[in-house]
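Starting from two chains that each stand alone, build the complex the way the hints lay out.
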Amino acid sequence: MAKGKVDFITGNDAAAYAVKVCKPQVIPAYPITPQSPVTEKIAEYVADGELDAEYVEVEGEHSCLAVARGAGQLGARVFTATCGPGLMYAHENMQQVAVDRTPLVMAVPDRSHVSLYPDLTDITPESQSGIIMLFCETPQEVMDTLIQGFKVAEDHRVLLPLFVCYDGYVTSHTGSTVLMPDQEDVDAFLPEYEPYWGRVDPSNPVISVARSVPQMKMEHEQAMENAKSVIKEVNEDFGKAFGRKYGNGRIELIDFDGAETALIAHSSLTGTARQVIKDLKAKGEKIGLIKLKAFRPFPAEDLREALKDIKAVGVCERHEIPGHGQGMICGDLKAALYDMPKRPLVVDAALGLGGTDVTVPELTYVANAVLEAAKTGVVKKKLIWAPEIGKSREGDD
Amino acid sequence: MSLATVERGVQRVTIPPTAACQGCPMVLIARTALDTLGQNTIVTIPASCGGWSGIIGCPRTGTQFPSAAATASGAARALKKFGMNDTNVLVVAGDGGTYDIGNQSLSGAVERLEPIIWVCQNNQAYMNTGIQRSGATPRWAWTTTTPVGSVNKGKSVWNKDMCEIVEATGAPYVAKASVAYTRDFVNKIKKAQQISTVEKKGVSFIEVLNTCPTGWRYDSGLAIRVARLAVQTGIWPLFEVEEGDFKLNYKPKEVLPVAEYLKVQGRFRHLTPEQIEAWQSRTTKYWEGMLERAS
Numbered sequence: 472m473a474k475g476k477v478d479f480i481t482g483n484d485a486a487a488y489a490v491k492v493c494k495p496q497v498i499p500a501y502p503i504t505p506q507s508p509v510t511e512k513i514a515e516y517v518a519d520g521e522l523d524a525e526y527v528e529v530e531g532e533h534s535c536l537a538v539a540r541g542a543g544q545l546g547a548r549v550f551t552a553t554c555g556p557g558l559m560y561a562h563e564n565m566q567q568v569a570v571d572r573t574p575l576v577m578a579v580p581d582r583s584h585v586s587l588y589p590d591l592t593d594i595t596p597e598s599q600s601g602i603i604m605l606f607c608e609t610p611q612e613v614m615d616t617l618i619q620g621f622k623v624a625e626d627h628r629v630l631l632p633l634f635v636c637y638d639g640y641v642t643s644h645t646g647s648t649v650l651m652p653d654q655e656d657v658d659a660f661l662p663e664y665e666p667y668w669g670r671v672d673p674s675n676p677v678i679s680v681a682r683s684v685p686q687m688k689m690e691h692e693q694a695m696e697n698a699k700s701v702i703k704e705v706n707e708d709f710g711k712a713f714g715r716k717y718g719n720g721r722i723e724l725i726d727f728d729g730a731e732t733a734l735i736a737h738s739s740l741t742g743t744a745r746q747v748i749k750d751l752k753a754k755g756e757k758i759g760l761i762k763l764k765a766f767r768p769f770p771a772e773d774l775r776e777a778l779k780d781i782k783a784v785g786v787c788e789r790h791e792i793p794g795h796g797q798g799m800i801c802g803d804l805k806a807a808l809y810d811m812p813k814r815p816l817v818v819d820a821a822l823g824l825g826g827t828d829v830t831v832p833e834l835t836y837v838a839n840a841v842l843e844a845a846k847t848g849v850v851k852k853k854l855i856w857a858p859e860i861g862k863s864r865e866g867d868d
Numbered sequence: 038m039s040l041a042t043v044e045r046g047v048q049r050v051t052i053p054p055t056a057a058c059q060g061c062p063m064v065l066i067a068r069t070a071l072d073t074l075g076q077n078t079i080v081t082i083p084a085s086c087g088g089w090s091g092i093i094g095c096p097r098t099g100t101q102f103p104s105a106a107a108t109a110s111g112a113a114r115a116l117k118k119f120g121m122n123d124t125n126v127l128v129v130a131g132d133g134g135t136y137d138i139g140n141q142s143l144s145g146a147v148e149r150l151e152p153i154i155w156v157c158q159n160n161q162a163y164m165n166t167g168i169q170r171s172g173a174t175p176r177w178a179w180t181t182t183t184p185v186g187s188v189n190k191g192k193s194v195w196n197k198d199m200c201e202i203v204e205a206t207g208a209p210y211v212a213k214a215s216v217a218y219t220r221d222f223v224n225k226i227k228k229a230q231q232i233s234t235v236e237k238k239g240v241s242f243i244e245v246l247n248t249c250p251t252g253w254r255y256d257s258g259l260a261i262r263v264a265r266l267a268v269q270t271g272i273w274p275l276f277e278v279e280e281g282d283f284k285l286n287y288k289p290k291e292v293l294p295v296a297e298y299l300k301v302q303g304r305f306r307h308l309t310p311e312q313i314e315a316w317q318s319r320t321t322k323y324w325e326g327m328l329e330r331a332s
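Protein chains in written order, with the numbering used here: chain A, 472 to 868; chain B, 38 to 332.
I should point out that these hints are in silico values taken from the structure, not numbers from a laboratory.
Since the model is a prediction, treat every value here as computed from it, not as a measurement.
Listed below are several chain A residues computed to face chain B (Cβ distance under 8 Å; list not exhaustive):
no., residue
1, E525
2, G531
3, G541
4, G546
5, A547
C-beta: ideal position from N, C-alpha, C; glycine also.
Just chain B, same shape as in the assembly (with noise of 0.2 Å):
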């Protein structure tokens, strides 16, 4: 399914051009929420790679770094108070907007059930700030605070995982998507907001790879395929949790092994094979996990 067949006959709220890199995804993360969702929307978004990258044609709130959730919360307060129940509210924040210092805010918005679609794009690290370690980085993947030298190797932990976070925290809708995946994509942005602009049931929290070309270290052009590469290894699993109801939405023919995705990224490249068969482990096991949530 080609983007272009997507947007097709869909009014566009983003308008170019754009800050970003090239071969960023971020873009059509951004685009495809906002478009999908229309002109009748509230942005907020945080510090991040998308508080830069182009200029958007509905109203946008500013916000602090640590403040997306809560501003968000204000915004949606407000609508409902003007008697706008129509309109959505959507957050755009990276993984350290959502991870890390925005992790406080979004909790309690999460857990007032406030009618907020926050789509996270994680690209796994501080991006916009120059490739600092977020808690989204995953283990020993290099970044400029977690580098490659003779003692350390790249981060020492792995990354925790929001979406496990979020559920638990008392969200009715949790996915995981890709860019690599649009109609999937898109087919979540509508089913949240239908959960919380329309039902008023609370958080609705997408989260988006965002294979970052700059700060993963690899070709510009193929930000896609390693999206796709990220599902179809187990990585990143297209799944959706809607108030406890598990659905694996993309089952791969084969399962392709965890070395496809690291090998074409610089900041694995140090990796031992000792290295590689631990996160193949790993992924195995969580994907085991999804295919047990999901029977």
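Bound conformation, chain A alone (with noise of 0.2 Å):
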């Protein structure tokens, strides 16, 4: 089993020590709040020779992801970070990182759009766009979640972009205790990347073209599908070769022996939740929590198994989508429950938006009101929003 120090980092320097671990050859990297310390970090390893990669000092973002693009499609192991406004304005070439198979991963530490913290409008447009998405809920996941990033993004069967998600400032400012892997185990766990196409060779061309083809959208959607094995072997391997793994590598079951309800939570909301079940556990509620570790590709056949005896669940997600009535991840939780002969009822809650702070009785709040739709059998609101539940806690003072 592979051992290492341990230290207490950052989620941000997790995010850097494990891009110095994984080698990635070219790093375009432009710097953006919450995310900049992963990219000083990254260049002072340049700096210090501790990391041999080409730091490419791009003028904004849409220039970082078409560098990967031109170094990812050469056959380069590439690696880049942003959040917020800067993954919006690097849309376009994001979408088409996806398009062209290039095995890119990023670290995420999602901003929302109307301020500095957290919430997941930034990954928003581009959870529409194939590429892989996975949570993390603390600084070590951060860590662990890269170097598996990796080795799931580069397999011949997957070859797509994938982000590493972690709320900005809760999770990217906050330290934490971090079990540092050491380079000789990362380079057992993780081969040198080898491109599907080879090294670009001139006597030998490949053309490239920036347009999307039935075909082309044919085999994007296949690799979609092969990654949702892909994530659960390589989580396994870690978990062989590091000793820890985070649920199946798609959902992680928490305290759920026994449970007739759930929550739902991502990335730090996880850690809240995980209180909130304890403390109703310990009062005599069947209840359970999910953490929701891969976005994309949707766990749709592991909710569903994970859900098929449970009566009521609730969502807490920091999305909401106006005008909808619910968060993204609610909407996808109920298009993957609609085929089943017996679902659960489903409550929303738009939580953290913005990143308003979500504490355990916002939680709490949640999850009563999904005990309450199981007793009944009725949700008698849809969508719980965080200032509702503010306004009734000054209520109840």
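As structure tokens, this is what we get:
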């Protein structure tokens, strides 16, 4: 079993360290809050000779993704990081990296479009682009998911860009004890990148055209389908090599024995939800927690299996689509449940929008709404807003 | 110097046929650049007439309209990591992908001294999408977005001077070339290869006037003649700037009046004598500036 020293570092520093041990060859970088410490730390590694990579200081995120695409097409292992408005600015090229099937790994400390703080608005446009997205709860998980990410993205059955998403500030800037994997253990786990088409060879030219045709779309769909099992495989392999893994790689069931109701949470909300579930279980409530580890491809099969005997489920997400009455995770969940002969009631909770704080009382309120729905067989309110919770708590006082 | 003489003994990297308009010199520009550089080249072509005009026999990266310089930078860095130091990185972009939407990423690549050979085939408008004005469209020219109406008569402002902008940004080699002077163009491509690919000094920027029969409204047999007129009237002087050293590559025996160049093109047919005079005085000043810098 792999060892490694223990350090106390932030999510961003964990991402940078993972990049160092994964040794990408080309790293285009452009700073943005709260991602900047990732690019700064990598610049330090390169400056100190600890990471032998081409570090390209681009003039914006749109170009950042174009550099990644150019280098990736020629067969280099590539990494970059961005978030919030930066990710939105890169949208055009981000989609093309996916269509080109360039296995790029990106750290995305999620940032809202209305503030500097975390919610999922930045990955919303990309959620339809055919990019793998994995959520992380802690700095340790950021580190481990990045290392797994290169192996998933570069797998010849997949060949897709992959986001390692974690909440800006809450995870990106908060220190935590992290097991730092040794270089030799990462080398044993993650082999050198072998491009599917081979490295560029001018005497044997390949032409890539920035146009999508139905066949490319079909192959892209197949690659996302393949990613479902590859994510699970790599998570298992990682568990064997490093002694820790994250559920089945796509979802993790937490305190789920005997559960008749459930909460689903993502990113740092999971940590708070763990406490809420523990407290309610102590009171005798039959509730469990599902951590959404993979957002894309959406773990529909795993959620159907986990929820087949559940009466009501609540979705805690830092997202809401105005006019749609729910967030994107809830919408995806409902679509996944639609074909089931017997399906749970669904309560959505739009929490932490624009990065507002989400604490135990908020998630307890959501859990109670779920328990009530299970008891009465009726969902009183399909979408719970955080401001409503605050108001009701004031009323309680 | 005929093109046939230049091409003898050169292995073709471009493969006919092309989808270019009849009489379009863009094909000559791309072919001359590619055949001079040879097979050991990675090509990036953003959205432009060049994107659709013919098949290229060396590796080509896909890129978006604003991103040619950044995609080529990524290619150059990957080549460096692979130790493929003698492989050229060539961009063939139009004026839109150079002057306008591609300007930001080009500026970044020039500043970072990326080893890229940039050939701008400047046809002075968005010809590929149907003759809309660009930052390279000259004053008073008709385009579909600067139409000649009862109030507005063509584009109201002058074009940018991209060579000056790129030189000021720090490119080690900047040049203007013409399809009517192929030997000069070939020499410039070879110099760019030496500076960018061999010496890794940064971006070499060569701008070629792509005289466009379709958009400029003239007979499709006249592309080379119009290109030659642009040089001989002083509108498009053949020069090069190598790390600050300016050289005028060609001095016409007699500088022709600008009207000779303007009158063959339908896009200028509405010009008044005063406007032609303004063209002449601007061009004379520009040409005298060239002579002064060369002396």
